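Engineer: Sequence:
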Amino acid sequence: MNTDEESIVKRRLMTKKSKMISEAKPGISEQDSCSRYAYRRYIEAETPARRERCAEAYHLVPDRQRQRIREEAIHFIEA
1 MNTDEESIVK
11 RRLMTKKSKM
21 ISEAKPGISE
31 QDSCSRYAYR
41 RYIEAETPAR
51 RERCAEAYHL
61 VPDRQRQRIR
71 EEAIHFIEA
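Take the sequence shown: its letter number 50 is residue 50 in full-length UniProt numbering, and every next letter is one higher.
Everything labelled a hint here was simulated from the structure, so no lab data went into it. The structure presented is a predicted model; accordingly, all values stated were derived computationally and were not measured. Just so you know, even glycine gets a beta-carbon here, dropped at the ideal spot from N, CA and C. Treat each hint with caution, since some may be false.
[To be verified] Estimated spans, in silico, between C-beta atoms of each pair:
| no. | residue 1 | residue 2 | range |
| --- | --- | --- | --- |
| 1 | Arg50 | Arg12 | 53 to 59 Å |
| 2 | Ile43 | Lys16 | 38 to 44 Å |
| 3 | Glu56 | Ser35 | 29 to 35 Å |
| 4 | Met14 | Glu44 | 43 to 49 Å |
| 5 | Glu52 | Thr15 | 54 to 60 Å |
| 6 | Lys17 | Glu52 | 50 to 56 Å |
| 7 | Gln67 | Tyr39 | 36 to 42 Å |
| 8 | Glu78 | Tyr39 | 52 to 58 Å |
| 9 | Lys16 | Arg53 | 50 to 56 Å |
| 10 | Ile69 | Thr47 | 56 to 62 Å |
| 11 | Ser33 | Tyr58 | 32 to 38 Å |
| 12 | Glu44 | Arg68 | 36 to 42 Å |
| 13 | Glu44 | Arg66 | 53 to 59 Å |
Please model the entire structure based on the sequences and the hints provided.
Structural biologist: What follows is the structure, encoded as structure tokens:
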């Protein structure tokens, strides 16, 4: 009888401890909502900068192509 009582007490104690630990941690849904919110803020903040970089890169490529065509035309005219 004594061992049964000890196992019951141990089980209750473990249950209480696990319950306290689970209550101390934020729930999975809370973590997901926080991470989603942080990711959305990150994307919203980064988007204007990304657009600007892409626009600069887009303009640089045609400018380089035009410059190369001009240089080839000048070289062809001089020859």
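Engineer: Hint by hint, say whether it matches the structure.
Structural biologist: These are the hints, each one checked on the structure:
1. Arg50 to Arg12: 53 to 59 Å: Given about 56 Å between the Cβ atoms, the range holds.
2. Ile43 to Lys16: 38 to 44 Å: holds (42 Å)
3. Glu56 to Ser35: 29 to 35 Å: With Cβ atoms ~31 Å apart, the hint holds.
4. Met14 to Glu44: 43 to 49 Å: With a Cβ separation near 45 Å, Met14 and Glu44 satisfy 43 to 49 Å, so the hint holds.
5. Glu52 to Thr15: 54 to 60 Å: holds (56 Å)
6. Lys17 to Glu52: 50 to 56 Å: holds (53 Å)
7. Gln67 to Tyr39: 36 to 42 Å: holds (40 Å)
8. Glu78 to Tyr39: 52 to 58 Å: 56 Å Cβ-Cβ, so the 52 to 58 Å window holds.
9. Lys16 to Arg53: 50 to 56 Å: At 55 Å between Cβs, range holds.
10. Ile69 to Thr47: 56 to 62 Å: violated (33 Å)
11. Ser33 to Tyr58: 32 to 38 Å: holds (36 Å)
12. Glu44 to Arg68: 36 to 42 Å: holds (38 Å)
13. Glu44 to Arg66: 53 to 59 Å: About 35 Å separates the Cβ atoms of Glu44 and Arg66, which means 53 to 59 Å is violated.
This entry does not satisfy hints 10 and 13, going by the numbered hints stated previously.
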